[in-house]
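Visitor: Based on these hints, arrange chain B on the given structure of chain A.
Top to bottom, those sequences are chains A and B. All the letters of the first sequence, read from the start, carry residue numbers 1 to 341 under the numbering used here. All the letters of the second sequence, read from the start, carry residue numbers 342 to 626 under the numbering used here.
Do not take every clue at face value.
[To be verified] With a Cα cut of at most 30 Å, we get these calculated BS3-like pairs of lysine-lysine: (1) A:K56 <-> A:K94; (2) A:K45 <-> A:K5; (3) B:K580 <-> A:K169; (4) B:K409 <-> A:K169.
Calculated directly from the structure, the hints in this document are not laboratory data. Source: prediction; values computed, not measured.
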Amino acid sequence: MTSLKVFVIARLLLVIPTILLLVSLVFFIMRVMPGDPVIAIVGMKAPPERILELRKALGLVDESGNPIPLPIQYFNYLANLFRGDFGRSLIWGKRPVLVEIMEHLPATIELAMAGFLVSIILGVTLGTIGGWKGGKMSSAVKIYSAITYALFIPWIGMMLQLLFAVWLKVLPVGGRIDPGLEPPMITGLYLLDSILTGRWDSFVSALRHIILPSLTLGLVISGVFSRVARTSVEEIMRQDFVIAARARGIPEHRLVVHILRNAFIPIMTMMGLQLALLMTGAILTETTFSWPGMGTSLFERIEYRDYTTVQGTVVFFAIIISVINLVVDILYAYIDPRIRY
Amino acid sequence: MMYTFRPILVKLVPKVRLSILGWAGAGMVALTVFLAIFAPLLTPYDPTKAVGPSLQPPCWEYPLGTNKIGQDMWSRIVYGARTILIVVLLSTVISMLIGVPLGLISGYAGGLLDRILSMIMDAIYAFPSLILAIAMAAALGPGILNTAISIAIVYVPTYFRMVRGQTLSIKEQLYVEAARAIGANHTAILISYIFPNVISIITVVFTLSVADVVLTEAALSFFGLSVPAPTPDWGFDLKAGHPYLLSGYWWLVTFPGLMIMILAVGFTFIGESVAEYFQAREVRT
Chain A
1 MTSLKVFVIA RLLLVIPTIL LLVSLVFFIM RVMPGDPVIA IVGMKAPPER
51 ILELRKALGL VDESGNPIPL PIQYFNYLAN LFRGDFGRSL IWGKRPVLVE
101 IMEHLPATIE LAMAGFLVSI ILGVTLGTIG GWKGGKMSSA VKIYSAITYA
151 LFIPWIGMML QLLFAVWLKV LPVGGRIDPG LEPPMITGLY LLDSILTGRW
201 DSFVSALRHI ILPSLTLGLV ISGVFSRVAR TSVEEIMRQD FVIAARARGI
251 PEHRLVVHIL RNAFIPIMTM MGLQLALLMT GAILTETTFS WPGMGTSLFE
301 RIEYRDYTTV QGTVVFFAII ISVINLVVDI LYAYIDPRIR Y
Chain B
342 MMYTFRPILV KLVPKVRLSI LGWAGAGMVA LTVFLAIFAP LLTPYDPTKA
392 VGPSLQPPCW EYPLGTNKIG QDMWSRIVYG ARTILIVVLL STVISMLIGV
442 PLGLISGYAG GLLDRILSMI MDAIYAFPSL ILAIAMAAAL GPGILNTAIS
492 IAIVYVPTYF RMVRGQTLSI KEQLYVEAAR AIGANHTAIL ISYIFPNVIS
542 IITVVFTLSV ADVVLTEAAL SFFGLSVPAP TPDWGFDLKA GHPYLLSGYW
592 WLVTFPGLMI MILAVGFTFI GESVAEYFQA REVRT
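In isolation and in its complexed conformation, chain A is listed as follows (with noise of 0.2 Å):
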C-alpha cells in the first residue's frame, strides 16, 4: 500500500471515536441542566399528559411512562444518531430535527462561501501587499490582523446595517431575498439556482442581501490570511530564487506572481483551518442580519427551549467539523507528501 492510502486508512479510523466523544459530549451536557428540563420547557402548571408527552420526546421515560435510566437513554441517543434519527422538533407540528436542518443547511452554506470568498481576497491582498512593501506598511497589516481578529461580529454588522441600510439607503438591512423572488430549488443556494435557472432578478436580489452579511463575516476572518500572506511573503522575499531574480532584472510584476505560488501552501492550510470559525462566524452573522439559516434556527429554538432541536444542530455541526477536517487534512496529504506521516 502506498503511504497515501496508509495515511488515508488511519485518519478515517481516528474520526469514529472523535464523532463518538463529540455527540457524548453533547449527550452529557444536555443531561447536567439543573432540575427538570421539562418543566423549565413548559412551565409548572402545565397539565401532566403534555408534561408525559414531553418526557417521552426528549427519551426520559418509555411508552408506559416509567423512567428509562441513564446508561439505557445514552444508548438509545446513539443508536437513533447511528440511523441519521436526530429526535422530534418539541414545538412546530413536531418534524423531524434532520429536515428543519436540512432546510436552513444551504442559507448557512451560502453565507459561509461567500464570507470565505470576501476573507480570502481581502485577506491575501493585503498580506500580500504588507509583506512586498515591508517597513511601515508590513506593521500597519500587522495591526489590521490583529483588530480585526478581536472584532465582535454582530457589532460590526450593525454598524453596516445602520452605515449601508439605514443612512445611505443603498441595501437590504437583512434577509436572503426579496419575498416572491425565490428561484426554484435546485442545489438550495440562491445565488447559483437563480444563474441556473436565468432568474436575474433573482439574482441581483440575492446578491444585493448577501453584501453586508458577506462582507462582515469576510471582515473579522481577513485577518489570519492576511497575517499568514503576509509572513510568508516576507519569508519568500528573503529566499535566493528571489534575490536571482531581482538581480537579473525580472519585473516586479512579474516576480509577484512567482511569490504568491509559494505562499500558496501555507495559505491553503490556514484555509482549512478556519472552517470550524467560519461556521461559528455564520452564526452570529445570521442572527445579526436575519439570515435564514442553522444560526439563525438555532437562536430562535433556544429562545422557544426546543432542546431536541439546539441538541440535533450542534450535533450536527460537531459532525461536519469533523469531516470537513478529516476531509481538509487528506486533501493537505494528497498535495503536500511531507504531511503524511
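Guide: Relative to chain A, chain B alone:
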C-alpha cells in the same frame, strides 16, 4: 526532610517587555478596569432602573442616551464593565484550575491516563468553541457562575495541551532526575519542580486566549444566555438595541459594541506583544 535545591528557572511572574502595541492594549484594558472599579463614582443613575424618558438621544443629562425602558446607557455601560470582567476572570480561573493540574498529571504520568485525557481534550478542542459554549449555557441556564463555567469548559483544553507539552519536556530535565535521586516523591516533584516552570507558558496561553473569552462572553449574552435581564451587560444591550436600529436609534448599539471591541482589541494587542516577546527570546537563546 528538607529540599534546599530549588530549580533555577523559577519565576513566579515572568518579566515581559511590552511593545508600543502592547502598551496601547494595556491602556484599553486599564480603561475598562477603571470603569468597573469606580462605577458608583462615575454614574449618576442606577443602571437597572428607568430614570429618564424612553429612547432619549445623547444629551447633557444622559451622555450616551437612554434605551426603550428609559435606563441610562452610560450607567449601563460603566456597570457592564463589571459584569464582563467578572465573567472573564471567573471563567479563566476555572479553566486554569481544571486544565493546569490535569495537564501536569497527564504529562507527568504518561501511559493510558495520558492517552485518555488527551483524547477527550482533543475532542473538546475540535468542537467549534462558540457552539460548545452555547450548548453548555443553554443547558445550565443564566447566571454569572453558569456563564463562567460554560466559557471555561471551552478553554480547559487550551491550558491542558500547553501545560502537558511543557511538562513532557521538563520531566526529562536533569534537575528533575536529581530531585528524584534525593528521594522527592511525585507530588513534590510536580508541585515544586515542574509547576514553577510551566507558569510562563500559562501566562502566554492566558494572554492569547483572554480576548477570545471576552468575545465568547459577549456572544453568549448577545444570545441571551448570560446574566438575567436587568443586570447591565454589553452583549445583552447590543441585542436589546438592535430592533431600534432601523428607526435610527444608533446610540443603543454603537456604545455597547464599541466597549466590547475596545476590551477585546486591548487584550489582543497585549497577547500579540507577549507572544512576540517570548518568540524573540526563544530565538535568542
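Visitor: Are the hints correct? Go through all of them and say.
Guide: Hint-by-hint comparison with the structure:
1. A:K56 <-> A:K94: Holds, at about 13 Å.
2. A:K45 <-> A:K5: 60 Å, violated
3. B:K580 <-> A:K169: Given that 30 Å is the threshold and the Cα spacing comes to 22 Å, the pair holds.
4. B:K409 <-> A:K169: Holds, because 24 Å separates the two Cα atoms, which is no more than 30 Å.
Violated hint for the displayed structure: number 2, the only one.
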